[in-house]
Every structure is written in structure tokens, then in C-alpha cells.
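**Student:** Listed below are the residues making up each chain.
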Amino acid sequence: MMANGVEKIRKIVILGATSGIAVEVERLLAGQGDELLLVARSAQRLAELRADLVVRGSGNVFTYSADLASIQGHAAMFDFVQRALPEYDTVLLAYGSMQEQKDSETSVDVLLEELQVNFVSATAILTLFAADLEQRRTGCLAVITSVAGERGRRSNYVYGSAKGALSVFLQGLRARLHTAGVRVITIKPGPVQTSMTDHLPNSARFASPEQVARDIVRALERRSPDVLYTPKIWRYIMTGVRQIPETIFKRLSF
Amino acid sequence: MSGQSATALRRQTRPQIATTRVLSWGRYPKTAHTHVHRPAWNDQVPEILASAAADSLLSRGLGRSYGDSCLNGGRELIDCRRLNRILSFDDANGIVRCESGVTLSDIIDISLPRGWFLPVTPGTCFVTVGGAIANDVHGKNHHRAGSFGSYIRQIGLHRSNDGLVACSSLENADMLRATIGGLGLTGVIAWADIQLKRVAGPWIDADSIPFQSLGSFLDLSRDSDGRFEYTVAWLDCFSGRNPRGVFFRGNHATDSNKEFHRKRGPKVPFALPAWMLNRYSVRAFNNAYYKLHARRKGVTVVPYDSFFYPLDSIRQWNLLYGKQGFLQYQCVIPETNLEAIEELLDRVARSGMGSFLGVLKQFGSAPPAGMLSFPRPGLTIALDFSMRGERTLQLMQSLDEVVQQSGGALYPAKDARMSPALFEASFPHWRSFVPYIDPKMSSSFWRRVTGAR
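So the protein sequences, as listed, match chains L and B.
Position one of the first sequence corresponds to residue -6 (the working numbering), numbered consecutively onward.
Position one of the second sequence corresponds to residue 17 (the working numbering), numbered consecutively onward.
It is worth saying that the hints were derived from the structure and are not from the lab.
Heads up, the beta-carbon is just placed ideally off N, CA and C, and yes, glycines get one too.
Check each hint, because a few of them may be wrong.
So, partial list: chain L residues that the calculated Cβ filter (under 7 angstroms) puts toward chain B [claimed, not checked]:
#: 1; residue: Arg38
#: 2; residue: Ala44
#: 3; residue: Asp45
#: 4; residue: Ser97
#: 5; residue: Glu98
#: 6; residue: Glu127
#: 7; residue: Leu193
In the SDA-like style, the derived pairs of lysine to any residue whose C-alpha atoms are separated by at most 20 angstroms in a straight line are [what the hints assert, rightly or not]:
#: 8; chain 1: B; residue 1: Lys283; chain 2: L; residue 2: Ala200
#: 9; chain 1: L; residue 1: Lys243; chain 2: L; residue 2: Ser154
#: 10; chain 1: B; residue 1: Lys283; chain 2: L; residue 2: Glu203
#: 11; chain 1: B; residue 1: Lys46; chain 2: L; residue 2: Gln204
#: 12; chain 1: B; residue 1: Lys279; chain 2: L; residue 2: Glu203
#: 13; chain 1: L; residue 1: Lys225; chain 2: L; residue 2: Arg207
#: 14; chain 1: B; residue 1: Lys46; chain 2: L; residue 2: Ala197
#: 15; chain 1: B; residue 1: Lys283; chain 2: L; residue 2: Gln204
#: 16; chain 1: B; residue 1: Lys279; chain 2: L; residue 2: Gln204
#: 17; chain 1: B; residue 1: Lys283; chain 2: L; residue 2: Arg198
#: 18; chain 1: B; residue 1: Lys307; chain 2: B; residue 2: Ser414
#: 19; chain 1: B; residue 1: Lys279; chain 2: L; residue 2: Lys225
#: 20; chain 1: B; residue 1: Lys279; chain 2: L; residue 2: Arg207
#: 21; chain 1: B; residue 1: Lys279; chain 2: L; residue 2: Gly24
Given the sequences, and given the hints that come with them, work out the whole structure.
**Tutor:** Dropping the structure here:
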């Protein structure tokens, strides 16, 4: 946050602001006095969140309630951002859904819903913000995908494929926006202790959202990296996991 | 983003086998739970309450209760730590409204820069507001300020049978008095309004004085109570009938502009081998600690955290006691009954099983804030005992006799083994609390001391 000894107030749009990781990121940003624009489904949760962030020091907190999985609402949401926080410099996309994998194996509706939330709707929103930032030739798009997007696993391949597709989308977007000076950060957390993962076995051993949030905030403030693994150990784990030949990988039960 | 339906689905498929191990601060007893709910928003709590069976739930914060009052063996817990938002801060009047999972440490971080501090604080700031209310915790200023519950202006309480209920001295005052010290049994606290107190800054004018008998402790205590906001003593529990110790007293410093930085201390990485804390190592520690303070007497200006929370500087210090865990014994004995206190200390010293944490404090005469509040006029003593099986439990039973005969009481927040008879003696009016218990809630402690289902 300290650039040339002068503290710069950021203006950050957070999509999926009530998710477990996002709330911890917001807390850190609020403590630095940053201005925030929060988008999430529940107006009541947004109001509670806003109150907390203001007490903790945020300069200004705007809220907008919308179900981002539904693309019809995107234009109105984007319009609100342009009116409330036109000078925003960072967008953090933090929403996602992880339903029981078994349900999307038996129900095409559940399958499509997972892809809609985690991939399709995300690309739609990013396209809106990308065009704006590209034109302004500044800013940063940070998107939470997942290490699950690097290999399709038996137990989690629907969520994984949506997040993997999103990571690929971001690769292309990064190359496109690079020339305009706009950063694109792909954030790949390992398993994190949040409401999304409470039902998974061993969730007590997952990384804490506070730790992941600290890594994310640090990445937002630096020039590098393009892809953030958090906690850092996942960069090395995934390097190994990517090397496993498919003939062996298909026999693994995880 | 998983919706309510997915939650309901998981609930149906959840095995009813107790497999989730959750421990209290003393790491004794070892209990398994069937499920731990982790609501992140207050709007999720009513559904958890509605879909639970009778007597199946207990709300829990950071689990700093030492025994089984924060456990619900074989049943379910509602872990409130994610309900940690501060909903408003009234700068002019020093009233903070926060959710139940907010920690006292969070409140200090928010309020101290604004010139406010906790009205009452226990010996650790790593407890939640919900836990501080449920145990009606006390601190070094009990003689002046009473207990934590006295500063709760209003709470919102989720009840399984009548929704979110606001409780204050004006409406549902009985429910407020039941919830203060109510061991988490009256419902799930959604939010609480806490009256903070004005302070000039983070510094404390602290003073320490060695003493060599209970009589001289009492003289020091009586002499200091009028002039010092905070008083407490450390006690060498190997010294028996004529205990030596160090008396600490302090006031908020009014004129210190020293720069303040909160430090982060070391952490005990894992449960240490139990033999490391033995009578020789602990005796040596107590000797050194006494001598250090006997030499260092006099007034110094110290940061609030080292004054109030010396043990917080070693994270997870409970792991020092090893895998078996430890028990704390905290009682209050009427100060008219000095022989009982001496007898108790004598039994501890003769057992040779005491530890390095011995605390002695004279409570004031503030009326109790809650129906089951522990603090009452008298001397309170807190002692740690490494869990060494039957002989540890036998020693504590022999202490129980002294406490019960003296007309004293034991503190539920620290207890894992008191008998129903001693609970009855400590809280003779507990039956009038029962109607306020939420029909969906229970705890290991409550079932043990009252025989409830």
C-alpha cells in the first residue's frame, strides 16, 4: 500500500462480496482505508458487512445486491459501479459454487448451474469490466479460480472443469489486456475453510481464509505474479500433480 | 453460494455418529460431536435451530472454557466464530454493537485507537463476546466494576421457539439475566451492545509487591482496592498455608505518549511430553518467578497487553500440559473463612501436584449480573493441575470438601468434574434458570451437573 511513502487509497469492486474468502480480503482492505463496492445476493448480509467494514476503517463502502449467476442483471450492476465508483482500479471476482459432485452426475440441471455460476457468468462480467479498463488503460482484474481447475478429478471434476475453463479464459484475457497496461491475476487457492467446503472431509485441515486473504491482498499491491497459488505450497504440489500421466491419474480415487 | 436446499440435503445424509473431535481449553475431557454447524451469517441461525432435535445443540465461541461447559458430547455444536462482524460503534457514548463471534481482541483493536477500552476483561483477550457473556467473565477490576455482564446493554437472542428476541433491562429483562452467565444454553446470541469505558491510552501504571502470607495479601488487597482499578495476585501453590506470592495492581496511565506496538509472541507448536511439567521443573519456575518480581518491585509503565494478558503472549500455552491436558480449579471462598483458604492451599501444597498458574483475587460486592453468575464476595483462587488420572481427580475432590464446607462455589467455566451436589451448593437457585433454557439446547456440563437429558 505504501508507494513512495504516500498511502494510496484503492477503489475496489468485489463480486461475491459475502463469500468466505472475500470477507477476509475486505477486512484487510478496509483496515487500510480503501474504498469498496460490494456486490452479492443478500441485501441484509451486505448491510451487516458494510457496517463492519466502515467501523474497521474503510473510507467508503457501496453495496449492490444482485445474483451474479444471472447474466440479465449484469448491465444494471455495471451501470451502478460506473455511477458509484467510476474511478475503481481493481475488480476482485470471488464468487463460486461447489455443489455435491454426485448431484451434477445425475442431474443435468445441477451440472449446468455449476458451469453457469463458476464459468459462464464470470466470463460475462469480466468482459464488461475488461472493456472498460482496457479503454482507461489502467487497473487490475483479480479472479479466484482454484487448484481444482488444473486436473479433472473423479470427486470434483464439474467444479474443476468450470474453474479450469475460467483460468484458460483469464490467460487469454491477460494477453489481450497486457498491451493496455491492465493486470489480470489468476488466484488459485488450495482448499480453504469456508462455508463452501465445510461439508468436505478433513475440512479442519484446510487453509484459513485469513491466510489466503493476506496472500491475495499482497498480490493486489505488487506488480507480480500473474498466477497466485495460495497457500504457496500449492504451486509446488500442483507442479507435481500436473506431471502424473493420465493412465495413472485415472486410477486415483481422490 | 450453496443454497438452503444443499444444506438440507447434507443434513439428511449426515451420519449420526459422533466423529468430530472438539476440545475445550483444558483438552480434558476428550469428546466427539456428531456435527459442528458453522454459520457465517445471522440469517443462517434460525434454520439450524429449527431443524435440530430437542436438547441437541450448544453454541460455542473460541472454546476457552477449560472443562466441558463448551462441549456437547455426542451431539451438535454451533461454532459462532464466523459471526464476527462489528455492527456499529458509537464514538460519543462508547457503545459497540457486535455479533457474538467477535473477540475481545477485535474490540480492543477497534476501540483503543478511539479512546475506549473493555469495561471488564478476563485474563485472555482470545474469547468471543458470546463466550464472555455466557460465562459472565470477570477481571482484575471486579472489586470496582463487577463482571462483564453488567456492561451488556442489550442483546439479540436467537431462540428456537420464538425467533430473534431483543433483551435489555427494559424488555425481556429476565431473559437477559438468564443469558448472562447462562453457559450458552438460552439460545444463540446474534448481537450484543457493550458499554465500553474511556481510557487515555494503551498504558498501565503497574506496581508489584511480594507477600508471604494470606494475611498480608488481604492487607494489600484492602489497602489497594480503593486506589487501584486493577488488583490480582500470583500465588506459589507449593508454599502451602502461608502462601508467598506477588501482588499486582494498576491503573490506566493518564499521561503517556509512548509509542505502542502490539507484539505477536511465540507459539507452542504441539502437545509437549507430559513429563516436562513435573514438580521439580514447576517448583523451579515458581521460585524464579517469585524472586524476579521480589527484586523488580515498584511502579512501572507497561503496555495493557502484558498487564492483562501475560499468557496470551504464548499462543496455545495449554499444549504445555501434554496430550492428557489439564484441569483448572477455580473456587470462591468467603473471606470470613480464612482457615478454609489455608486448608485448601495446604492440601494443594502437600499433594505436590500444583502448577505455575496460581491466581488469587478478592472479589468485590457488586450484585451478580446474571442468574448463574459466579463472582460473589470472597477470595477467588484459580489453580492449574496437569491431568494425571485418578490422583488428580481425587485431589480436586478433597478440595471440593473444603469449598463446600466453607460455603464457597466453583466456577463452571473452569470445571470438568464437579459433583451435582457441589453445583447445587454453588448455585442454589439454578432451578429458577431452567425455564429460560432453549428447548433445543444442552451441554455436556449441564447434563453432568443437573442430570438433564
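**Student:** Hints broken by the structure, by number, lowest first?
**Tutor:** 4, 5, 6, 7, 11, 18 and 19
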